[in-house]
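Participant: Take 1 as the starting number for the sequence shown in my numbering and just add one per residue.
Don't take every hint at face value.
Unchecked claim - List time: in silico SDA-like cross-link candidates among lysine to any residue, alpha-carbon distance up to 20 Å:
hint, residue 1, residue 2
1, 147, 78
2, 75, 14
3, 83, 144
4, 83, 126
5, 75, 9
6, 81, 131
7, 147, 97
8, 108, 14
9, 75, 120
10, 58, 21
11, 23, 51
12, 130, 144
13, 75, 124
14, 147, 92
15, 23, 65
16, 130, 143
17, 147, 116
18, 58, 32
19, 79, 128
20, 79, 9
21, 130, 95
22, 83, 146
23, 147, 2
24, 10, 115
What the hints contain is simulated information worked out from the structure, not anything from laboratory work.
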Amino acid sequence: MILKEQLYRKCNEALQERLMHVKKSILDLEQALQSETKSSAGDKHETGRAMIQIEREKAGQQLIGIQNNQELLQKIDCKAKHKNIALGSVVYTSQHNYFISISEGEIKLEDVSFYAISPHSPIAQLLLGKTEGDTISFRNNPFTVLKVI
Numbered sequence: 001m002i003l004k005e006q007l008y009r010k011c012n013e014a015l016q017e018r019l020m021h022v023k024k025s026i027l028d029l030e031q032a033l034q035s036e037t038k039s040s041a042g043d044k045h046e047t048g049r050a051m052i053q054i055e056r057e058k059a060g061q062q063l064i065g066i067q068n069n070q071e072l073l074q075k076i077d078c079k080a081k082h083k084n085i086a087l088g089s090v091v092y093t094s095q096h097n098y099f100i101s102i103s104e105g106e107i108k109l110e111d112v113s114f115y116a117i118s119p120h121s122p123i124a125q126l127l128l129g130k131t132e133g134d135t136i137s138f139r140n141n142p143f144t145v146l147k148v149i
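Required output: the full structure, derived from the provided sequences and hints.
Facilitator: In structure tokens:
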């Protein structure tokens with residue numbers, strides 16, 4: 001399996017894991033909301049329902065974020081070769097190695113670290129469009145693009 005496919009799969013697996021966790025949280029919150037019964041302490045009941053509803057809204061926002069990341073990941077063609085850095089590029093630099101995809105953090109493959117980063121992240125914004133041999137500076141730290149896949 002090629003490197004880009006391995007990185008893609010790791011990102012997708014992490015998204016699926018987060019998706020399952022958020023869906024379970026939403027289900028648990030909905031069950032808690034339904035099981036809240038009216039008690040003699042009406043204000044306490046309403047406060048409890050409001051807190052559950054707030055948590056449900058937060059989980060809903062997380063779900064939207066995961067769905068957006070899934071859509072972004074689906075746009076990546078693992079077989080595409082890039083001369084200029086773009087969505088789906090694997091980028092080797094003199095500092096770190098990157099996979100321009102979704103913000104997933106460090107992924108280790110055979111003792112080599114890659115950072116899965118969103119194309120919207122500050123470092124990706126500097127890298128996009130660059131090619132092998134280009135030098136960029138991030139936080140006053142210059143580094144060179146060594147290889148783009």
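Participant: Of all the hints given earlier, name the ones this structure violates by number, lowest first.
Facilitator: none
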